[in-house]
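Sequences are here, hints too, so could you generate the full structure?
These are the residues of each chain, in order.
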Amino acid sequence: MEESKKNSGQSLGIASLITAIITFVMAVIPCVGMLAIIPGIISIVLAAVGLSQAQRDDSPRGIIMAGLIIGVVATMISFSQFFVAGKFAKNLESDKWPEKIEDIVNDVQDNVIRDLEDANVNIKVEDGDDKVEINVGTGKSDRKKTLEELEGADTTKANVSISIGK
Amino acid sequence: MNNRKMGLSEPYPVINIALAGVIMLILIYSGIYSPDANSYPVACIHEKITGEECVSCGLSHSFSLILRGRIEEAYNWNSYGMRIFLFFAGQLIMRIFFTKIYINHPESGKQLIIYDIAGSSALFLAAFMPFLIYIFKFS
Chain A
1 MEESKKNSGQ SLGIASLITA IITFVMAVIP CVGMLAIIPG IISIVLAAVG
51 LSQAQRDDSP RGIIMAGLII GVVATMISFS QFFVAGKFAK NLESDKWPEK
101 IEDIVNDVQD NVIRDLEDAN VNIKVEDGDD KVEINVGTGK SDRKKTLEEL
151 EGADTTKANV SISIGK
Chain B
1 MNNRKMGLSE PYPVINIALA GVIMLILIYS GIYSPDANSY PVACIHEKIT
51 GEECVSCGLS HSFSLILRGR IEEAYNWNSY GMRIFLFFAG QLIMRIFFTK
101 IYINHPESGK QLIIYDIAGS SALFLAAFMP FLIYIFKFS
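Protein chains in written order, with this note's numbering: chain A, 1 to 166; chain B, 1 to 139.
If you are wondering where the hints come from, they were derived from the structure by calculation, not from laboratory data.
Hints may contain errors.
Simulated coverage check for chain A against chain B, where a stretch passes if three residues somewhere in it have a Cβ under 8 Å from a Cβ of chain B [said to hold, decoys possible]:
1) 12–19
2) 23–31
3) 73–81
No residue lacks a Cβ here, since even glycine has one placed at the ideal position from N, Cα and C.
Rendered as structure tokens:
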């Protein structure tokens, strides 16, 4: 009876210390650092219960205190991971937004230029009976097609004649 | 025999055995999941939140590849994978070794625990320093 009274809270202290050490290792790994808050809280609770038992029966508290301290530090590191992620996301957003806007503007510009290259533009100006109509068609795609056909054709057998006249 | 039983019931060997078990579980996890199948159940929460890879991304892959002897590929997945793996492997050996010494020489108990704490802390800092720098850079 005396023996068990002397060791009361020790098992909880050991459990708390083991959980705290695992939490500490987890907390410093950014991938799982945020998850470490759960075992961290468990280790603190175990240590708190163990400490109250040890205080009641006046048994040694070394391991329980070690579990509590490591648990608290590990939980704080784990909690700081939320701020790390938040700050990282903020930095990322502020860094990338100007680039994203620039990309969008460039895309729109490219699309407009591409559309205009093949566009047929009609301009009509009417002033009473006077009427002026301008039709402009670049037909770039047609010309490109013709050029591709010519490039594809076998030109070695073709008769080429050049005549220069005034 | 009685001495051994007494030693095993004390907190230090119990903690050592428990931690050795956890390290064994990590190694089994790395061994079971294949790096080629890419079916790891633990995803990076940091990456899910920020959308960017963190300094510890690819650590599971790296561990699995180290266990399979594909060291160069392991470095490509995570350049710090090897030092973390060596830390865990070293800790596993230390847990077994220190427990054995503690049981066989109970008189050296307190001194042994101090050496263990100092050595493990130094190893931890050496292995996890890049991660700590990464955390404190942003926090």
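Hint compliance check: list the failing hint numbers for this structure, sorted ascending. none
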